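Q: Chains as they are written, first to last, in numbering that gives the first Met the number 0: chain C, 0 to 248; chain G, 0 to 248.
Calculated directly from the structure, the hints in this document are not laboratory data. Accuracy of the hints is not assured; some may be wrong.
[Stated by the list, open to error] Pulled from the structure, derived: some chain C residues nowhere near chain G, Cβ distances all over 10 Å:
{"hint": "1", "residue": "K1"}
{"hint": "2", "residue": "L93"}
{"hint": "3", "residue": "T102"}
{"hint": "4", "residue": "W130"}
{"hint": "5", "residue": "T141"}
{"hint": "6", "residue": "V168"}
{"hint": "7", "residue": "Y169"}
{"hint": "8", "residue": "F173"}
{"hint": "9", "residue": "V175"}
{"hint": "10", "residue": "L176"}
{"hint": "11", "residue": "I183"}
{"hint": "12", "residue": "Y223"}
{"hint": "13", "residue": "E233"}
{"hint": "14", "residue": "R234"}
[To be verified] Footprint (simulated), chain C over chain G, 3 or more residues, beta carbon under 8 Å:
{"hint": "15", "segment": "190-204"}
{"hint": "16", "segment": "240-248"}
Remember, predicted model here, so these are calculated numbers, not experimental data. Note that beta-carbon positions come from the ideal geometry of N, C-alpha and C, so glycine has one too.
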Amino acid sequence: MKQLRIAIILLLIGGLLTTTAFFMAFFTAEVQQFGTVTVASELDTAFQLVSVGDNGFSYGRPWFSQKIFYFHVPVAEASFLVLLLSAVFAVRFLMTRKRSFDTKSRIAMETSLVFVILTMITGVLWTRASWGVWWEWEPRLTTYFIMMLMMIAYFVLRNSIEDEERRAVYGAAFAVLAAINAPISFMITRVLESNHPVVFQSGMASSNLLPFIVAQVGMLMVGYAVYALRMSEERLGERIDAAKEALEG
Amino acid sequence: MADEILRRTPPAERTKVPGLSLRQYKAILRKDIVMELRTKEMVTSMGLYSLLTMVVYQIALSQSGSAFDPRTIAGGLLWLAFIFTSMLGLNRSLVHEKDQGCLEALLLSPVDRPVIYFAKASGNLIFLLIVETLTIPVFALMFLQQGGYGGSWWMIPLVLFAGSVGIAGVGTLLATMSVNTSGKDFVLTVLMVPLMYPLLLAAVSATSAAVLGGDGSISQFWSGIAGVAGYDAIMVLAAYALYEFVIGA
């Protein structure tokens with residue numbers, strides 16, 4: 000019960016932090032600029048106009064679609080971390096054969112899949128706004144998509160096995176194989192030429208960094224809370240099953 | 000059950016003879032080859048399947064017109080045929096073992112698990128290579144008559160071998176899992192295609208470079224081969240480490 004209470008508190012704090020980050024992204028974070036726009040005459044606009052001699056005025060074109068960064072990246076990083084957590088539990092299961100590790104690995108995989116799907120949705124929205132296409136077969140997107148397919152395959156595999164012990168072992172083995180892709184997907188934009196932005200190579204203004212960190216901390220809390228809530232649900236389910244069996248005798 | 004008996008046997012009692020693993024490896028591999036020579040089932044079914052794939056390709060390309068050069072997609076078509084053919088073969092090879100109780104007997108015998116893995120994988124690799132060797136001339140005859148072959152003669156065998164090592168290595172592990180599930184072939188497909196993605200991408204790139212030739216094809220070929228080799232190293236190692244757990248479950 001104590002764990003459940005911690006999970007609920009973390010969920011609330013995490014939700015608060017991500018919401019704060021959402022507002023910060025729009026109100027305090029500096030608007031990133033993407034090229035400049037030149038206009039013939041002075042306009043009434045919130046952007047800072049710069050006179051360019053005879054050619055009129057220019058202003059930095061605001062890059063509003065960049066705002067999704069404060070949500071998309073924290074969710075994506077949480078998805079990688081939770082997937083690696085799942086693989087760690089899988090390895091520990093294979094070493095100790097304790098059922099609790101298998102349950103933990105499965106629940107972590109579930110949580111990670113939720114985050115992966117959220118990343119996909121925000122990512123697709125962003126590529127449409129920024130690149131003009133819904134999808135591109137580009138190294139990061141592709142490896143991430145493959146990672147999602149493997150995580151779905153993990154559940155297909157589990158659901159098609161009757162024997163509990165075998166289901167756990169096969170699931171753990173495949174979780175390890177799937178998790179090999181997580182660092183590859185994370186590093187690939189830094190190794191291969193890719194359209195996907197690598198933000199932390201170029202550095203960031205502090206007004207942009209702050210909402211990002213708030214969102215990242217919040218998202219990790221939400222991630223842990225979702226995981227812990229599902230775990231306690233799972234434990235309750237197990238107790239109910241045990242009670243039912245005892246009653247039926 | 001079998002695992003239990005083996006676990007109870009202290010390691011010291013298992014006879015330690017130098018070169019024993021190699022002899023065991025040869026024995027298991029020989030069994031697979033002898034069985035294949037008697038039934039001719041794997042190579043026939045895989046070869047026929049691959050031939051039928053070529054027929055389907057013909058249908059797919061039938062409306063492409065005379066200006067279209069199939070050489071540009073030859074690498075993709077070839078590896079598509081090989082990946083699906085290999086899944087058929089891998090499934091067969093393990094279903095036999097299971098249905099006839101051979102796997103149980105193998106587990107009962109005092110053979111190290113990695114030896115079983117490498118022997119089964121080598122068997123699958125050999126059959127896959129035979130089918131590939133049969134497919135290539137047919138494919139060349141059907142689709143590559145105009146334009147000819149751009150690279151050196153050894154390029155295609157090299158990429159075929161490197162790619163097949165990965166397919167057989169990972170596929171043997173996945174097929175060992177999937178034969179014990181309720182949806183055998185389906186589960187193998189769902190597990191295998193995402194996991195094979197990096198290998199296929201690199202292999203197709205190398206094969207295309209070999210078929211088309213021209214400027215920069217050598218460097219494209221070698222970077223493809225490097226990708227395939229890296230994948231082989233990582234994944235075969237992972238499969239080797241996980242096989243012991245999987246086959247015991």
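Q: Output the indices of the hints that this structure fails to meet, ascending.
A: 2, 5, 6, 7, 8, 9, 10, 11
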